[in-house]
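These protein sequences, in sequence, are chains A and B.
Okay, so the first sequence: first residue is 2 according to the working numbering, each after it adds one.
Okay, so the second sequence: first residue is 1483 according to the working numbering, each after it adds one.
Please keep in mind that the hints were generated in silico from the structure rather than gathered at the bench.
Glycine residues also receive a C-beta, built at the ideal position from the N, C-alpha and C atoms.
Treat each hint with caution, since some may be false.
Unchecked claim - On the chain A side, residues computed to face chain B include the following (Cβ under 8 angstroms): (1) T126; (2) D127; (3) Q128; (4) G131; (5) E133; (6) M134; (7) M135; (8) P139; (9) Q187; (10) M189.
To be verified - Selected chain A positions facing chain B (Cβ under 8 angstroms, derived; list incomplete): (11) S130; (12) A136; (13) V137.
What the hints assert, rightly or not - Far from chain A, by Cβ distances over 12 angstroms, these chain B residues were calculated: (14) I1616; (15) S1674; (16) A1720; (17) E1725.
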Amino acid sequence: MTRILRDVWYSLQEWLQTFGACQLFLIRILAGCPAAFLRPRLIIKQVHDSGVLSLAIIGISGFFVGMVLSLQAYNSLTRFGATESIGVLAALALTRELGPVVTALLFAGRAGTALASEIGLMRATDQLSGMEMMAVDPVRRVVVPRFIGGVIAMPLLAAIFSAMGLFGAWLEGVVLLNVDEGAFWQQMQDQVDVFDDVLAGILKSFAFGVAASLLAVFEGYNSIPTAEGVSRATTRTVVLTALSVLVLNFMLTAVLIGEV
Amino acid sequence: MEANTNAAGARQVGTVVGDNIVVIRDLHYSRGHRKIFDGLNLEVPRGRVTAIMGPSGTGKTTLLRLITGQILPDQGSILVEGRDVAKMRRRELYQYRKRIGMLFQNGALLTDINVYENVAFPLREHTDLAERLIRHIVLTKLHAVGLRGAWQMMPSELSGGMARRVALARAIAMDPDLILYDEPFVGLDPISMGVIVRLIRRMNDALGLTSIVVSHDVDEISSIADRTYLISDGKVVASGSPEDLQENCSAVVMQFMNGMADGPVPFHYPAPDYDAQLLGRDG
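Pulled out of the complex, with its shape left as it was, chain B reads as follows (with noise of 0.2 angstroms):
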């Protein structure tokens, strides 16, 4: 049913080919001295799941944060539904942001109030809905994510697939056009991690949403991405389907997608000679 599902999706990328929902043009960012994005370029194509891959430290979460407009590129433009998010006024930002759902690393549930409440937030904090209406919509979608009957429970209470579930219910409580995760399969169990790769793909399908997956699970993200970037050294060194990656004979590529410790991306960091340092001699 899911490779059905799948095959169907990779059909329709043939069908929107221009239409993007996100248009990443010629974008640098530095952090200090430390260059982030070099001239990189991305689109994400409406109603598919993208992935984002790169090895650690290459700025994919950085570029979630782009995206949502939380910081400003140096150079280049950001375009989401045609709007650059840099241009965007704080009013203007935040309407924006309504229309977008994120999942942090770590679900960023708020500690102080139970899983309904949480949920409930987006709900309460932008529409005036009767407290009937704003029941009947949480409940709904804890139902999508398998959490119902944990309502009442605090965040404390839950276990970290279990944070990311509700944060994912959260996510979609507004019925946001656009989802991004940040790692959203990290520290998790095997059953969890299945249980999120089906979620993400199942919401994505049965919603309508674009979404837009930062990760280094390769495995997992294969399993459920439409169309796959490769991010190394501040730009795409590759993309395509996840088939397209395995096949990629670059030499980034295959050290990231066969886990090898050595290659382009070296094992070790920069550091004087082993030798002459264990000696003193390095000054």
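The following block holds chain A by itself, in its conformation from the complex (with noise of 0.2 angstroms):
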């Protein structure tokens, strides 16, 4: 028993203390951040890479979320007359909850684990040494600008995948399912509201947007230069991701509307 509580206490102190070295390293990065805004070329380089490579799977993502979410609508709604609900379902959905979520989770999957195996390969092969010894700091010149690319690059996908959700659920409800198109559009302008709804989905997907990027960039900066090292610092990038976006979804949500 004693053992347990030991090794526990031991697991807790190692968490506190990475979780501390995260903190130290995010604040590292912010002080870093002014200065890469005056090279805005590595920016944009990262924000095609992290964004626009990740754009097909973002993209189909969508489509098929919106079209499963306008057939399971339809099955429910049907029951009670109120079929032409799904758009704003559909829409209400997508903006505060899937398209945020989903795609900080595709994500992680997609740019997440390429920013940590790239940045921890870099490490395993002396990059980052060999740019301290050209008295190059890597966290500047390699870690803020994948940090700032995947901050700007996440709200982007999320809001693309929000939109093919939107086409999906038209295509599934209006073209396949018959539903009226007029009262689909008509109820989603009606019901959704830029604030509330659209807004609070953009702060979720800014904030899934650090904590998945800042998780990338430390799990790669702070991997063992082995093979082994990075294998398990890409697998932490996405386990680590995916509980921190549903437990900030949580939070966010409960902050939003007001209620826990």
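Quick one: dock chain against chain with the hints and give me the complex.
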């Protein structure tokens, strides 16, 4: 029993140390952000790598999530004769929750792993040490542009996910299931609020962008410089980002709705 | 011609006694419970090629990391140009590193940019030179290592020897005072090794550099070094010219210089009794 308690205590200590180190790393990154904006080319490249290269998976996923939403909503709402509401249901689900959350999870799987493994391999092949030896701070030169690129890309990807989701919902509901198109769009226009729904979604995706990008660059930068170390960092990036996004989502939703 | 250069270099050593660019005193460094350095003393004369040799695992690369301030000693001082590296603040350390170049074992080239951009990297980061001037410097440095024609190639397209030559061009891009080589001959074929050996000597003499070469390739390093240090068990066990080391009668030095499998550095890693272990009686 004592041994179990001791192990739990050590694990807790280790977790707190890592959490603290991650916060200090964030402060270092934020300190380097103003200078990074003076070299926009580096940031644009990272927005391309994290954002543009994730477009296919985000777009296709959003499209099918929208179609499934529409199909499930139609199946349930038919019993109440309210099938015209599938538009507003899909729009609210996508903008408030599914857009930011699913995009963040997909981002962690596509761009987060790429960031963590790229930085981890740079560590393993002495590229980061080489930069330090050339008096170039690798955090400012490598980490900060990637972090900013991820933070910029995430809200844009979430918006594209939601737009593709709405397109999927429209195609499934209006074109395939013959729901009235006028009602589909009209209810959406009446019920979806720009501030409470759309802006809340953008705010969430921004927060998820910070969390996902921070965890990816932190894990990559602090990975053990071996094949196993880089592999572990990549796995940890996905797991920690998924957990963080889901916990953050609940906290942000509670704050935005104002109830717990 | 080269022999003359070495002879001239050897003559100059006598005139620069006391003019050391790096002075290490009573250096202690441990990693975990393992002592890497235990009171190491060493001087690197300005303008010369100094070789640091020793068996694998004696901390040769660690010594370079200490000299460059990547890690800090537990005790003792590392003076470079009279200033203690361990006491430098981050900004001072970066200013100091602008004046030194380092060649890593694997070259450490940035893999997402081509040869030209790799050599231009420190110039772009630290200077506001016009693109024309950067181009001129990069091509000059690449020409010096014989790879001007490879300026468009990506690091993944280079052989091991070529990658190290590009890394050497990058290391001298900022015209450093001191250049450190970490195992520059590892994994190279005889031709590439010969090229790197000649380049180290030629760069040192032509550019007026001071070179520290960490290696365990006795023949190659002996052919270009002005002074050699042999490190074992955390201390300098022998120093002097390569000829002095060849004539040294110490058991450790003889084992290393003649490549003997067993001696003061044992062939077997410490282990329990062989028979007892085979019979499962080692507990």
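Each hint, compared with the structure:
no., hint, result
1, T126, "6 angstroms, holds"
2, D127, "4 angstroms, holds"
3, Q128, "6 angstroms, holds"
4, G131, "3 angstroms, holds"
5, E133, "7 angstroms, holds"
6, M134, "4 angstroms, holds"
7, M135, "5 angstroms, holds"
8, P139, "11 angstroms, violated"
9, Q187, "50 angstroms, violated"
10, M189, "44 angstroms, violated"
11, S130, "7 angstroms, holds"
12, A136, "4 angstroms, holds"
13, V137, "5 angstroms, holds"
14, I1616, "15 angstroms, holds"
15, S1674, "19 angstroms, holds"
16, A1720, "29 angstroms, holds"
17, E1725, "32 angstroms, holds"
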